[in-house]
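**Student:** Chain A is already provided as a structure; the job is to place chain B on it using the hints.
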Amino acid sequence: MSTNIEEKGLLTSFRVLDLSNERGFLCGKILGDLGADVIKIEKPGGDPARNIGPFFEDKPDPEKSLYWFAYNNNKRGITLNLETESGRDIFCRLVKTADFLIESFSPGYMESLGLGYERISRVNPQLVMTSITPFGQTGPYSQYKASDLEIMAMSGLMSLLGYPDRPPVRVTVPQSYMWTGMQAASGTLLAHYYRGRTGKGQHVDVSAQASILCALAHAPTFWDVNEVLTVREGPIMSGRSVKGAKMRCIFPCKDGFINFIVYGGPAGITTNKALTEWMDSEGMATEYLKNKDWDSFDIATVTQEEIDQIEGPTAEFLKTKTKKEFFEEAIKRRMLGYPVTTAEEILADPQLYARDYWQKVAHPELDQEITYPGGFGKFSLSPCRIWRRAPLIGEHNEEIYGELGLNGNDLLMLKQAGII
Amino acid sequence: MNKRVFEEIKVAEFGGFAAGPGVGKMMADFGAEVVRVESFARPDGFRSHYPPYTDNEPGLNRSGCFAIHNNNKYDITLNLKTEGALEAAKKVIAWADVVIENFTPGTMSRLGLGYETLSKDKPDLIMLGSCNQGQTGPHAEHPGFGSHLTSLSGFTHLTGYPDAPPVILYGPYIDYIGVGYGMIAIAAALDYRRRTGKGQYIDLAQYEGGLQFVAPVLLDYLINGRITSRMGNRNPYAAPHGAYPCLGEDRWCVISVFSDEEWQQLIKTMGYPHWAKESRFATLLGRKENEDELDSLIGQWTSGFTAEQLMERLQAVGVRAAVVNNMKDIYTDPQLKHRHIWRELEHVEMGRFNYQAPAFNLSETPAEIDRPSPCIGEHNHFFFTRILGYSEEEYKTMLEQKVIA
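Keeping their order, the protein sequence lines are chains A and B.
Take the position in the first sequence, starting the count at 1, then add 17; the result is the number in this note's numbering.
Take the position in the second sequence, starting the count at 1, then add 11; the result is the number in this note's numbering.
Don't read these hints as lab results, they were simulated from the structure.
Careful, some of the hints might be misleading.
[What the hints assert, rightly or not] Computed list of chain A residues with no C-beta within reach of chain B, every gap over 10 Å: (1) D78; (2) T101; (3) S129; (4) G133; (5) Y210; (6) N276; (7) S313; (8) E328; (9) K341; (10) E342; (11) E382; (12) G392; (13) G394; (14) K395; (15) D427.
[Stated by the list, open to error] Using 16 Å as the maximum straight-line C-alpha spacing, the simulated EDC-like pairs for lysine to aspartate or glutamate come out as follows: (16) K217/A x E98/B; (17) K217/A x E375/B; (18) K260/A x E68/B; (19) K339/B x E244/A; (20) K349/A x E152/B; (21) K162/A x E272/B; (22) K162/A x E68/B; (23) K260/A x D66/B; (24) K162/A x E273/B; (25) K81/A x E382/A; (26) K309/A x D297/A; (27) K162/A x E323/B.
Just so we're clear, the structure is a prediction, and the values are computed from it rather than from any experiment.
In this text, a Cβ means the ideal position worked out from N, Cα and C, and glycines have one as well.
Same shape as in the complex, but just chain A:
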């Protein structure tokens, strides 16, 4: 690997204007992780998403939202009122300096301001404009309102999560905004690559509903291939065997739960042998497990009876372990399976420290350094990381408007007129 690391991100020379709300925050943050100059544009007074918790020291304050901190780092911040002619004029001057524009207003809102893609692309034909909405820019549901819950429902994912005798559930921490922001960054960079080769900008229309479809994994294909409906089964997974066997995936242990699944294939067979050996060393392997010919074990045709014979003693055994004991042995014995962790356990995982994942970022106004999850990947030529903390409201007004040639008096005037 090259040792010639440059202290610049891959996208250092590019500028992003980020008008998005919580549905799109991650998109700009990802471009920022890669070094782009991301300018978060908030309405005067600040983005309403600054009210999303949790908060620093549990103090609800628009300058203390940890949600904001997490997804708006790597951005500079300015305030601008796009609902005024003067605000739009300044915005268009910014657009001329930008390579990317990210927005997540309801479809039609940007057009109503005269800032739709058609118009914007005349201001800057090379611009890549990314629009993030629950369902897309056009289509029968494009005007529907949705929060994370509705998006998770419409994506189909909720139908796969939960117990059969209770309502389907979402993930407690909003996931649809993450999926959407990530897919948006992907589409944005594809358009960017194309622009690099041809000089042409374009419009990227991202649907949150569609952004989650990939997370359904192969569940839809059961319907498509054989008209079998995959549904939520709590801790149980079905569909792994053509003979209809169901496998348990969540096992209680001494201090919580362990995610273990009877697997096939080379890794599964190694696991099954290793687990039997481990159980046997503690006198807990049954004759069935000890006599099993694991090398010919075929998960795709396994029967429920076989699975029960394996899972029964496995469940008894796992009950005698703590999460940590299981984790350490699984690593040592090269077995598949991990504990069901909480934030506390994630923060204690030596692997993430060994890879310098956590990153301390100074927040001088809070008199504290905050530890963040660092960049999403490691690139041999260039860092992918947090370069700066999230902006305060209007923190970079002077700096950025100054770059446009506006002076202190102009800013005073614009501030009093409610434009910035």
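**Tutor:** Coordinates of chain B only, in the frame set by chain A:
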């Protein structure tokens, strides 16, 4: 007609399952030439032991799970444990601009295909190594699947009801986060290469990508010492906020109310039932305090309607509501249809299959899905002779020596 995004970009893909092939699929959707390198000795696990299979009959070319991750690709088979195969694999890589692999860390190097070796002859090579926990660190070489890693990364603990054990997120949820970040990483690296001529290696741990999705929970613990746990469908600042039963078998509609105005619209739509007029439900604080009862009363109302009726009626008055689409519904959902998400193609063994288009539409350079997922080794002859320029004789020898196998 515009060029494709990845026109003339060539991709060699080693590994299997979801995390690597998912990235290659997206590149293929946007015009890259992608070749899957498999072998009959070690076919993709999705082929060999992952239902569904067409007509429930296992077969290497019948897996829906394999199909959905692999349209528009070539497929060749090289038994990498044979001597000649290494040389052939290097030729495939010499042809490629991008290598994607998601073996357990160390595997590519052991095969003689590590980045340091490959980039010596080809400094502009871009290589993505996508794995569970990263290429370095004490747990790097621990084998793992996304289904388990989803639990190690905190998602499972956050899914389900507070009074019951957690539930699974169905499949290898976190693999697809890895796919998204993998695509982002390659696009950024390709752009960088275009400007500088330099290739690079990308070490992508799905664990580290996945944790980005739960960052606020990690910060809440670090700053406030709070361990966030699963709360069913509850939201700390909205009520009602849940999934409610509807007419039909296992049919559900989600409804979420974030303001008192939306609450007024909801109860108006319900025809102002007497209980809704009670002051204890009039405010957010009141609704949160009586949320169990609120959920049950709303559920009694929703049970008289179909989920589709409720969605339409509530959306018409500005209340967020949606059908909980099941795995059948997503194939007929009018909005997904409008976006042309499902692309039906004929597969030689599976018959018609619906391949999946990306979540974003690019106005100038749309995704094109026009070749079904390949059968194993389907393009051996074509790829080695027509693309890599092997002679018929050389090709025959490779078959005989079980290099291609």
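**Student:** It remains to establish, for every hint, whether it holds in the given structure.
**Tutor:** Results of checking the hints against the structure:
1. Every CB of chain B lies more than 10 Å from the CB of D78/A, the least distance being 13 Å, so the non-interface label holds.
2. A cut-off of 10 Å between C-beta atoms confirms that T101/A is not in contact with chain B; the least separation is 26 Å.
3. With a least beta-carbon separation of about 17 Å from chain B, S129/A lies farther than 10 Å from that chain, consistent with its non-interface assignment.
4. At roughly 12 Å from the closest C-beta of chain B, the C-beta of G133/A stays outside 10 Å, upholding its exclusion from the interface.
5. At the 10 Å boundary, the C-beta of Y210/A falls inside the reach of chain B, the nearest C-beta of that chain being 5 Å off.
6. Look at N276/A: its CB is around 4 Å from the nearest CB on chain B, not clear of 10 Å, so calling it non-interface is violated.
7. The claim that S313/A lies off the interface holds: its Cβ sits roughly 13 Å from the closest Cβ of chain B, which is beyond the 10 Å cut-off.
8. Every CB of chain B lies more than 10 Å from the CB of E328/A, the least distance being 15 Å, so the non-interface label holds.
9. Interface exclusion of K341/A from chain B stands, the closest Cβ pair being 12 Å apart, more than 10 Å.
10. The Cβ of E342/A sits about 15 Å from the closest Cβ of chain B, beyond the 10 Å cut-off, so the non-interface label holds.
11. Annotated as non-interface, E382/A keeps its C-beta farther than 10 Å from every C-beta of chain B; the closest such distance is 15 Å.
12. Not every CB of chain B lies more than 10 Å from the CB of G392/A, the least distance being 8 Å, so the non-interface label is violated.
13. Chain B draws G394/A into its interface by the beta-carbon criterion, the shortest separation being 4 Å against a cut-off of 10 Å.
14. Residue-level check failed: K395/A sits 4 Å from the nearest beta carbon of chain B, not beyond 10 Å.
15. In this structure D427/A is separated from chain B by more than 10 Å, as the shortest Cβ-Cβ distance comes to about 35 Å.
16. Distance check on the hinted pair: K217/A and E98/B sit about 40 Å apart at the alpha-carbon level, beyond 16 Å; violated.
17. For the proposed pair K217/A and E375/B, the alpha carbon gap of about 9 Å is at most 16 Å, so the pair holds.
18. The hinted pair formed by K260/A and E68/B meets the criterion: a straight-line CA distance of about 10 Å does not exceed 16 Å.
19. A distance of roughly 8 Å separates the Cα atoms of K339/B and E244/A; the hinted pair therefore holds under the 16 Å criterion.
20. In summary, the hint linking K349/A to E152/B is supported, as the alpha carbons are separated by about 10 Å, within the 16 Å threshold.
21. Distance check on the hinted pair: K162/A and E272/B sit about 15 Å apart at the alpha-carbon level, within 16 Å; holds.
22. Proximity of K162/A to E68/B is assessed by CA-CA distance (about 43 Å); at most 16 Å being required, the pair is judged violated.
23. Straight-line distance between C-alpha atoms of K260/A and D66/B comes to about 12 Å, which keeps the hinted pair within the 16 Å bound.
24. As the CA atoms of K162/A and E273/B are separated by approximately 12 Å, the hinted pair is consistent with the 16 Å bound.
25. Taken as a hint, the K81/A and E382/A pair is honoured in the structure, with Cα atoms around 10 Å apart against an allowance of 16 Å.
26. Restraint check for K309/A and D297/A: satisfied, since their Cα atoms lie roughly 13 Å apart, inside the 16 Å limit.
27. A C-alpha spacing of about 11 Å is found between K162/A and E323/B, which places the hinted pair at or below 16 Å, so the restraint holds.
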